[in-house]
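Asker: Below, each chain spelled out in residue letters.
Number of protein chains: 2
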Amino acid sequence: MKVVKFGGSSLASGRQLEKVLQIVTADRERKVVVVSAPGKRYAEDIKVTDLLIECADDCLQNKDPKEKVAAVLERYAAIANELNLSDGVIQEIHDDLLTRIASDKSKPDRFIDLLKASGEDNNAKLVAAYFRAQGVEAHYVDPKEAGLLVSDEPGNAQALPESYLRLNSLNEQSGIQIFPGFFGYSLSGEVFTFSRSGSDITGSILANALKADLYENFTDVDAVYSVNPSIVQKPKEIKELTYREMRELSYAGFTVLHDEALVPAFRAGIPVNIKNTNNPSAPGTLIVNERDNTNGPVIGIASDKGFCSIYVSKYLMNREIGFGRKLLGVLEDYGLSYEHTPSGIDDVSVILRENQLDEKIMDEVINRIKNELHADEVKVAHSLALIMVVGEGMRRNVGTMAKASKALAKARVNIEMINQGSSEVSMMFGVKEVDEKRAVQALYEEFFVPVTV
Amino acid sequence: MKVVKFGGSSLASGRQLEKVLQIVTADRERKVVVVSAPGKRYAEDIKVTDLLIECADDCLQNKDPKEKVAAVLERYAAIANELNLSDGVIQEIHDDLLTRIASDKSKPDRFIDLLKASGEDNNAKLVAAYFRAQGVEAHYVDPKEAGLLVSDEPGNAQALPESYLRLNSLNEQSGIQIFPGFFGYSLSGEVFTFSRSGSDITGSILANALKADLYENFTDVDAVYSVNPSIVQKPKEIKELTYREMRELSYAGFTVLHDEALVPAFRAGIPVNIKNTNNPSAPGTLIVNERDNTNGPVIGIASDKGFCSIYVSKYLMNREIGFGRKLLGVLEDYGLSYEHTPSGIDDVSVILRENQLDEKIMDEVINRIKNELHADEVKVAHSLALIMVVGEGMRRNVGTMAKASKALAKARVNIEMINQGSSEVSMMFGVKEVDEKRAVQALYEEFFVPVTV
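Those sequence lines, one after another, are chains A and B. Residue 156 in UniProt numbering is what sits at position 156 of the first sequence, and the numbering runs on without skipping anything. Residue 152 in UniProt numbering is what sits at position 152 of the second sequence, and the numbering runs on without skipping anything.
The set of hints was computed from the structure by calculation and includes no laboratory data. Treat the hints with care, as some may be off.
The list makes no distinction among identical chains, and a pair is therefore deemed to hold if it is satisfied within one copy or across any two copies.
Unchecked claim - No more than 25 Å apart at the CA atoms, straight line, and that leaves these computed lysine-lysine pairs for DSS-like: (1) Lys211 to Lys314; (2) Lys40 to Lys125; (3) Lys314 to Lys326; (4) Lys437 to Lys403; (5) Lys326 to Lys370; (6) Lys31 to Lys144.
Please take these sequences and the hints and turn them into a complete structure.
Answerer: Set out below in structure tokens:
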């Protein structure tokens with residue numbers, strides 16, 4: 001069987017829901033459908049989730065939320081209208097929303113989670129009603145009854161291990177199960193949401209729990225591109241990539257699927273198919289455990305801005321047992337996570353995401369490194385970009401680095417840093433942010449554009 | 001003024017001492033001369049220091065050391081004979097040696113240090129006697145009287161900070177000061193030797209303490225070569241290199257000057273000139289703080305075998321604050337020093353010198369990483385070589401990596417690892433040991449052999 005997840009833009013209008021129905025009923029294996037809240041119908045539209053957050057804010061500030069409530073209800077009503085559904089389901093959504101708004105606000109984070117979750121929860125009810133109206137056996141699934149138990153961390157809930165066994169019994173239900181994404185229930189019965197992209201997480205958990213053959217993730221692109229389309233026009237689509245490749249690409253800015261969302265499917269070895277609701281016959285991109293790599297060494301190039309490096313030098317550093325550990329210990333004291341630590345003989349750089357530090361913390365960190373580790377020199381470089389060149393095929397490919405560095409040299413990009421050799425599926429270049437775009441374009445040219453003689 | 005140090009081969013015979021005298025008296029600035037013990041006269045010869053170690057071993061095993069004593073005395077006597085010196089100095093050396101042999105053996109390490117140090121100490125007396133016999137004002141300096149105070153670590157003494165001020169008064173002495181290398185005295189008045197190449201250390205300490213303008217280090221090569229002559233025939237000589245370049249090259253197998261020996265001169269910013277006793281008119285190699293880099297980006301290529309890597313992978317590793325520190329903490333518990341830690345998103349490799357671990361320690365380390373850090377995978381790669389491509393000029397040189405990696409690809413060398421970007425003066429490649437020689441040759445061809453059209 002297949003777990004199928006539809007994103008917000010796939011559920012934004014009645015027209016979109018018709019496509020969803022066609023897709024689901026076209027394959028008898030599609031038994032569990034995870035739904036997001038209705039998303040944007042056009043660029044300036046507001047997602048239901050964002051309306052709900054504004055609604056919660058109004059309530060917490062003792063403002064009358066009725067405008068926001070009306071706006072939310074209007075979205076569901078528009079869909080129901082378009083699909084000629086009876087008023088019953090809209091009344092149900094209306095009552096549910098008022099019940100939530102009237103509930104306890106003493107813990108604001110939890111109240112926000114309760115309202116946010118209604119977007120998916122009510123959309124699942126609507127989708128189930130529509131399927132049934134079309135003569136398809138479909139059931140709304142209450143995550144509480146189904147047993148999706150989560151930790152009590154507002155906005156960042158984690159599935160509890162016992163969820164997997166409980167959710168497995170969904171396999172025994174008849175018809176199509178419509179499961180709301182994005183949230184679960186704590187052991188004490190309260191609603192907690194996952195982090196953003198939380199419906200992807202729900203789908204991944206269900207795919208694992210139900211031992212699905214495939215996890216289909218429907219969104220609004222035909223496939224994952226090999227490079228950011230805002231940097232390179234009409235880039236090549238990726239047909240198949242491995243979890244590891246996806247994770248390396250996600251790290252540096254690929255946002256089609258949130259990398260943490262993949263973990264449950266990854267652990268169970270279930271392939272993930274990213275497909276387009278608006279073009280379901282396109283094969284999409286398949287994320288698998290292993291793949292043939294007959295298409296050259298590189299599958300994708302990703303890049304991300306906003307890094308800085310702390311350079312530390314000390315004569316005879318490499319003779320000093322414990323230096324590296326102490327250095328990382330200082331960062332840990334400030335809760336800073338670091339990305340990489342390229343090192344020479346007497347020097348080491350620590351690469352971090354810049355948004356973790358303000359000037360004050362940076363000064364403290366530098367002073368502690370100078371004073372406690374007796375470094376000869378500590379200096380900081382800002383505004384770095386990291387570029388990941390990713391592909392399982394580069395593992396045993398002599399000359400990939402030569403091609404990549406030649407392309408960068410030709411584009412007059414100075415390589416600030418290279419990290420290669422730990423991951424077998426990627427190499428990483430650090431460049432100045434101003435060089436990022438030029439560097440990515442040069443690498444794409446080198447690895448993806450066929451040479452015309 | 002200049003501090004001048006002569007190595008063992010420069011002092012192995014009367015003929016060599018004549019050269020030393022000529023060199024020292026040819027420049028009035030050469031006021032302090034540091035001497036090693038007599039070295040080898042020919043390939044199969046035994047160094048006096050090695051004879052003294054055998055002598056100490058005999059004494060500690062209650063064997064009669066007279067043969068070894070005779071062999072040591074015979075070396076000094078041969079030099080004295082060749083130079084027509086009076087018997088007085090040989091009698092003095094004989095008496096000194098017997099006094100040392102008769103001394104306390106309850107601490108064997110200290111006894112060995114006491115005997116080893118006599119090689120330099122007595123040679124300084126001999127050299128001073130020869131200089132005087134030639135009408136040159138020269139004085140043997142007793143390191144105890146001069147104030148070269150060291151820590152009480154046998155075979156690994158470190159100069160105490162107060163030494164520097166005390167030794168400075170040597171500047172006020174008239175004539176040429178002949179200073180024995182390799183040892184100093186502890187606060188309690190006992191002899192302790194430096195690590196191997198200890199006479200280089202003595203010279204470096206004196207250059208610092210006396211604020212010398214230059215530290216000349218006379219040995220038996222015309223210059224430091226840009227690459228190991230056993231890998232590339234007749235490689236280019238290096239005219240000038242910086243401390244940092246020297247240190248990076250030393251790290252990976254360049255042995256002309258021991259890198260730790262440079263520290264005191266480095267701290268005082270004193271240039272070091274490596275010269276050839278047998279060809280003193282050759283300019284040699286000058287080690288400086290800064291240099292022009294007009295000769296291309298690369299100054300030298302060094303390589304060293306005997307490394308291994310421990311590869312650790314864990315999904316979502318980079319979200320886990322403290323992972324790196326804990327990993328390095330495990331290594332520290334076993335007293336293991338590591339060289340580099342190239343990292344990907346979900347994986348990190350630790351590169352270590354293989355001779356630190358036996359199979360048992362490796363198994364324990366791997367088990368602790370698996371169990372305490374919950375790693376998904378831990379694996380070990382043996383028999384790696386590290387190649388350092390070194391040069392101040394590569395700091396801002398676009399395309400150096402492209403040239404290097406192209407050369408390696410052409411030579412069909414797979415790059416296991418690259419570490420670049422922390423040190424501004426080097427890039428490091430990890431390759432399999434079997435590829436080492438081919439890789440170094442290819443890099444040398446690329447950077448040093450002029451293209452002939």
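Asker: Which earlier hints can't be squared with this structure?
Answerer: Violated hints: none; all satisfied.
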